Amino acid sequence: MSIFSRSFEFCGHPTSEPLPVEDIVQHAANIEAMIAKYSIGLDDGNHPTTFKRNSKRSVANETILLTGSTGNLGCCILASLLRMDHVRCVYALNRKSTNIMERHKAQFEDKALDVSLLSSPKLVLLEGEIHLPSLGLSETVINKLQQELTAIIHNAWHSNFSSPLPSFESHIRGIRTFIDLARSGERRADIRFLFTSSITMSQNWDEREGPYPENLVLDAKTAVGGGYGESKYVAERILAKSGLEAISLRIGQICGGEPNGAWKSSEWFPLSVRACWSLGAVFVPTGEHHWIPMDAASDSVLEIAFHKDWLPFAANLIHPRPVASANIACAVHEALLQELGQGLCLPFLLQVSVGEWIGMLERSVKDHHGDRRNASRLLSKIIYNLPPSVIPEIRNATKLSKRMRELAPIDESLVSKWVKFWIASGNLHRFEFCSDKPRARL
Numbered sequence: 000m001s002i003f004s005r006s007f008e009f010c011g012h013p014t015s016e017p018l019p020v021e022d023i024v025q026h027a028a029n030i031e032a033m034i035a036k037y038s039i040g041l042d043d044g045n046h047p048t049t050f051k052r053n054s055k056r057s058v059a060n061e062t063i064l065l066t067g068s069t070g071n072l073g074c075c076i077l078a079s080l081l082r083m084d085h086v087r088c089v090y091a092l093n094r095k096s097t098n099i100m101e102r103h104k105a106q107f108e109d110k111a112l113d114v115s116l117l118s119s120p121k122l123v124l125l126e127g128e129i130h131l132p133s134l135g136l137s138e139t140v141i142n143k144l145q146q147e148l149t150a151i152i153h154n155a156w157h158s159n160f161s162s163p164l165p166s167f168e169s170h171i172r173g174i175r176t177f178i179d180l181a182r183s184g185e186r187r188a189d190i191r192f193l194f195t196s197s198i199t200m201s202q203n204w205d206e207r208e209g210p211y212p213e214n215l216v217l218d219a220k221t222a223v224g225g226g227y228g229e230s231k232y233v234a235e236r237i238l239a240k241s242g243l244e245a246i247s248l249r250i251g252q253i254c255g256g257e258p259n260g261a262w263k264s265s266e267w268f269p270l271s272v273r274a275c276w277s278l279g280a281v282f283v284p285t286g287e288h289h290w291i292p293m294d295a296a297s298d299s300v301l302e303i304a305f306h307k308d309w310l311p312f313a314a315n316l317i318h319p320r321p322v323a324s325a326n327i328a329c330a331v332h333e334a335l336l337q338e339l340g341q342g343l344c345l346p347f348l349l350q351v352s353v354g355e356w357i358g359m360l361e362r363s364v365k366d367h368h369g370d371r372r373n374a375s376r377l378l379s380k381i382i383y384n385l386p387p388s389v390i391p392e393i394r395n396a397t398k399l400s401k402r403m404r405e406l407a408p409i410d411e412s413l414v415s416k417w418v419k420f421w422i423a424s425g426n427l428h429r430f431e432f433c434s435d436k437p438r439a440r441l
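Read in numbering that gives the first Met the number 0, the sequence shown has 417 at position 418, and its numbers run on one by one without any break.
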């Protein structure tokens, strides 16, 4: 089996070969076992019913615990929270590092966010480990969180699409710890728990059943595939037993947004653009992309977090006005020509099908003794993020978020910002696994 066949197998994407029935049954059993392991002591029901609360929520003096604030989406959420008058305090919890403030500053600068917000007296930076008891925080800090929290936005998760479910167990243990923290809080009847999940949990949904619904799906077989999607499904099922007012935000692909189009170079699409640059060919997938710009995703999460009405358990956050995948590929091509065509020996980029492009990638690796592991990792990401055959419902998302309802389609202007950002960041150099043919270099 080649690295490319294995990539399809790892991804669990609808374009790959379906798993044998016995494998699906075993995966589903493993999923259910992990749900049971981390649901001990929670409600037997599958919807939040434990705590009595008011039907309307008062949005004032909010105290938020945000995880993953040094990540791409997390830093945008943090910047918005710090600007909000009704937010009294933001506890930003991240893993321990040498300088947590510098990590935040680097992310803010990368995305052209206002770095001065990080000096806000509202911000309390916490360092811990989500897999440890009490999150690795002191008893004093835990007591303050129990007294003050009105919402938890859990946004930290390991993004490795080729890893199996067991590799995500520390994160699943962590969500149970956050649930226990919320349930032990003085304001547990009113606390909101927002989990930034992923639409990849629908990876084995039967499209003949219609759109993937915005409610709790109890058939674990629908989530079978890559461990990342399976782990998000496990976490959602556990959260459904928490008795809290909780919502799982199943977010689709996030792309670079305003103001500067920042899109992390290690993500699949920027990586694939680099590979296209080196191969001299752009793959043009069929279907449509429902990508959400980063700023729109952040705005939507917070509009839902502070919505005045009772929240449903799930919302699927994908772009309500998708764009043809071929149009985005062509826009990237045009932006490259526009930005780099002056004074450089820019290679002509052929437009080929995904299958043809994969063949070119495989030949390049074989002919030039390239980095097969690097190529396999890239291909896994690309295949995992190709336009899905299953389109989810978005009624809850558009009802709860004005930004989602009014979101304009991705256009050439935004695509141009992506390309300018990648160029400015120096991320369009030749990819390591590709050929030695001379290409334009930055």
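It is possible that some hints are incorrect.
DSSO-like, lysine-lysine: derived pairs with alpha carbons at most 27 Å apart [what the hints assert, rightly or not]:
hint	residue 1	residue 2
1	K104	K121
2	K419	K104
3	K121	K143
4	K121	K416
5	K398	K419
6	K104	K220
7	K36	K263
8	K36	K220
9	K307	K419
10	K104	K36
11	K416	K401
12	K104	K416
13	K95	K220
14	K263	K416
15	K143	K104
16	K307	K143
17	K307	K401
These are calculated hints, taken from the structure and not from any lab test.
Owing to the predicted nature of the structure, the values given are computational and were not obtained by experimental measurement.
For each hint, the structure was consulted:
no., hint, result
1, K104 - K121, "holds (16 Å)"
2, K419 - K104, "holds (21 Å)"
3, K121 - K143, "holds (14 Å)"
4, K121 - K416, "violated (32 Å)"
5, K398 - K419, "violated (34 Å)"
6, K104 - K220, "violated (42 Å)"
7, K36 - K263, "violated (35 Å)"
8, K36 - K220, "holds (18 Å)"
9, K307 - K419, "violated (39 Å)"
10, K104 - K36, "violated (38 Å)"
11, K416 - K401, "holds (24 Å)"
12, K104 - K416, "holds (21 Å)"
13, K95 - K220, "violated (36 Å)"
14, K263 - K416, "holds (13 Å)"
15, K143 - K104, "holds (26 Å)"
16, K307 - K143, "holds (25 Å)"
17, K307 - K401, "holds (13 Å)"
The structure fails hints 4, 5, 6, 7, 9, 10 and 13 (numbered hints given earlier, in ascending order).
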